[in-house]
Every structure is written in structure tokens, then in C-alpha cells.
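Asker: Chains as they are written, first to last, in this note's numbering: chain A, 388 to 502; chain B, 687 to 807.
It cannot be assumed that every hint is accurate.
Over 10 Å on every C-beta distance to chain A, these chain B residues come out as not near it, computed from the model [what the hints assert, rightly or not]: (1) 736; (2) 757; (3) 758.
Quick list of in silico lysine to aspartate or glutamate cross-link-like pairs, EDC-like style, CA-CA up to 16 Å [unchecked claim]: (4) A:444 <-> B:782; (5) A:444 <-> B:793; (6) B:799 <-> A:441; (7) B:689 <-> A:449; (8) B:756 <-> B:715; (9) B:724 <-> B:772; (10) B:799 <-> A:425.
Distance windows between CB atoms, simulated [stated by the list, open to error]: (11) B:701 <-> A:456: 45 to 53 Å; (12) A:427 <-> B:764: 23 to 31 Å; (13) A:444 <-> B:756: 28 to 36 Å; (14) A:427 <-> B:733: 19 to 27 Å; (15) B:695 <-> A:467: 32 to 40 Å; (16) B:697 <-> A:475: 16 to 24 Å; (17) A:459 <-> B:689: 43 to 51 Å; (18) B:703 <-> A:459: 25 to 33 Å.
Just so you know, the hints here were simulated from the structure itself, not pulled from any lab data.
In this text, a Cβ means the ideal position worked out from N, Cα and C, and glycines have one as well.
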Amino acid sequence: DAGITQSPRHKVTETGTPVTLRCHQTENHRYMYWYRQDPGHGLRLIHYSYGVKDTDKGEVSDGYSVSRSKTEDFLLTLESATSSQTSVYFCAIWTSGGEGTDTQYFGPGTRLTVL
Amino acid sequence: AQKVTQAQTEISVVEKEDVTLDCVYETRDTTYYLFWYKQPPSGELVFLIRRNSFDEQNEISGRYSWNFQKSTSSFNFTITASQVVDSAVYFCALSDPAGYNSGGGADGLTFGKGTHLIIQP
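Construct all of the structure, not just a fragment, from the sequences and the given hints.
Answerer: Right under this line is the structure:
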């Protein structure tokens, strides 16, 4: 358990509404990530952060924005949700401490349905 | 560009059989990490193993073993004497060099599409 929580865990919303998903970590890790998981696609990286206010795009960033104002929180925002953004969203952190411990751990996931 | 291929979409075996999940990767980098994750029906992603690109030793953990062959760009996962609790989707993943060299993180992982393993009683 890497001390990662996600909120909400489930959300149903309507097309065109804004949605914000929150990822919270308790262990002060520098790197945080947002992925989406869809059937037949595995997990794909949306955005990641390498420090407070430092973020970058991943493979599927269109339609998403992120913010990180504190080390412990990484927010994913869908400015205007579309049905194609119906997915399971996973937050992750990278634990580092040298070669022996570098690993990516995932939060429990958020299931988002856009009607 | 990096790529991870898990050609087996679904495997079904009877309990106590051995089963091997294949993973083939593509990268131009010489330093990287390879991972396996398990996703049980409850949906969480469980870390199983990380292997660095310079360590080709096979690893065994209980009924699980991993065979990393850099020459064939493969990182296969074998479950010996499978059990019903092994039923899950298994993902293989690849990091970029930043994850290996930075000492502080990676620019995300590239995942395969997963193999759905069904263990029948």
C-alpha cells in the first residue's frame, strides 16, 4: 500500500459537464500520474507530474487538464466531459530510493460514466 | 516509440496446471524497467515484479517465476500449480530511461493490453 487514495470512487455525469478527479498521496512522492483503462487498450497515460506545478502530457491528453498545487494532491479535470471519456481512471506514484525500490504503485481507481 | 505486446488475450486452464503469460517489448533504449501487474476482479492493480534491463537473472517467488531474455525482448511470467485465486488480468509494462536513470521517477509506463487468465476449478 503506497498511501494513495482517489476520490470520488464512482461518478456518473452528463455530457458537457466539468468533472474533477482527485488523487491524494501521503508519502511525499515527487512523481504522480493519471492513466485511463479501457477494454482492449490496457492502461494509457494521460498526464503526469514531476513536482509541484510541474506537469507534462502523456499519450492521451486531449480533453484533459491537470494541476498540482501541493505535493500530495494531483487533480485531473475534464473541462467538458464526453461519452468517450467514460473509463476507469487510475492515479499512480513512483517510489524512489535507488534501484532497489523504484516502482510504480497505483491507487484504487475511479469509475467515471459520462451519459 | 516503445511498445509492449501481450499476444494472449485470454488463457483458460484447469487448476493445478502450469501457465505462462507472454510479454514482448520494443524499445530503442538500453536502460529501462519491466513490470508485471495483476488486476483481480475487484479492479485494483497489484504490483508483482520489477526487473531492470541489466539483470537477466530469472526470478522465482513462490509459485511465480519470471524469465527475462533481452536477446528476444521478452519478459514472460509463469505460474506453477495454478489456483483459482490466480484468476485475473495480468499486465506487462515498460518504463522509459528516465525511470531508470533519473533516480527520481519515470515519464510513465507503456502497458500491454493484458492477458485475462481464467483458472477453472
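Asker: Please go over all the hints and tell whether each is borne out by the structure.
Answerer: Each hint, compared with the structure:
no.: 1; hint: 736; in the structure: violated (5 Å)
no.: 2; hint: 757; in the structure: holds (22 Å)
no.: 3; hint: 758; in the structure: holds (21 Å)
no.: 4; hint: A:444 <-> B:782; in the structure: holds (15 Å)
no.: 5; hint: A:444 <-> B:793; in the structure: holds (9 Å)
no.: 6; hint: B:799 <-> A:441; in the structure: violated (29 Å)
no.: 7; hint: B:689 <-> A:449; in the structure: violated (21 Å)
no.: 8; hint: B:756 <-> B:715; in the structure: holds (12 Å)
no.: 9; hint: B:724 <-> B:772; in the structure: holds (9 Å)
no.: 10; hint: B:799 <-> A:425; in the structure: holds (9 Å)
no.: 11; hint: B:701 <-> A:456: 45 to 53 Å; in the structure: holds (50 Å)
no.: 12; hint: A:427 <-> B:764: 23 to 31 Å; in the structure: holds (25 Å)
no.: 13; hint: A:444 <-> B:756: 28 to 36 Å; in the structure: holds (30 Å)
no.: 14; hint: A:427 <-> B:733: 19 to 27 Å; in the structure: holds (23 Å)
no.: 15; hint: B:695 <-> A:467: 32 to 40 Å; in the structure: holds (34 Å)
no.: 16; hint: B:697 <-> A:475: 16 to 24 Å; in the structure: holds (22 Å)
no.: 17; hint: A:459 <-> B:689: 43 to 51 Å; in the structure: violated (33 Å)
no.: 18; hint: B:703 <-> A:459: 25 to 33 Å; in the structure: violated (45 Å)
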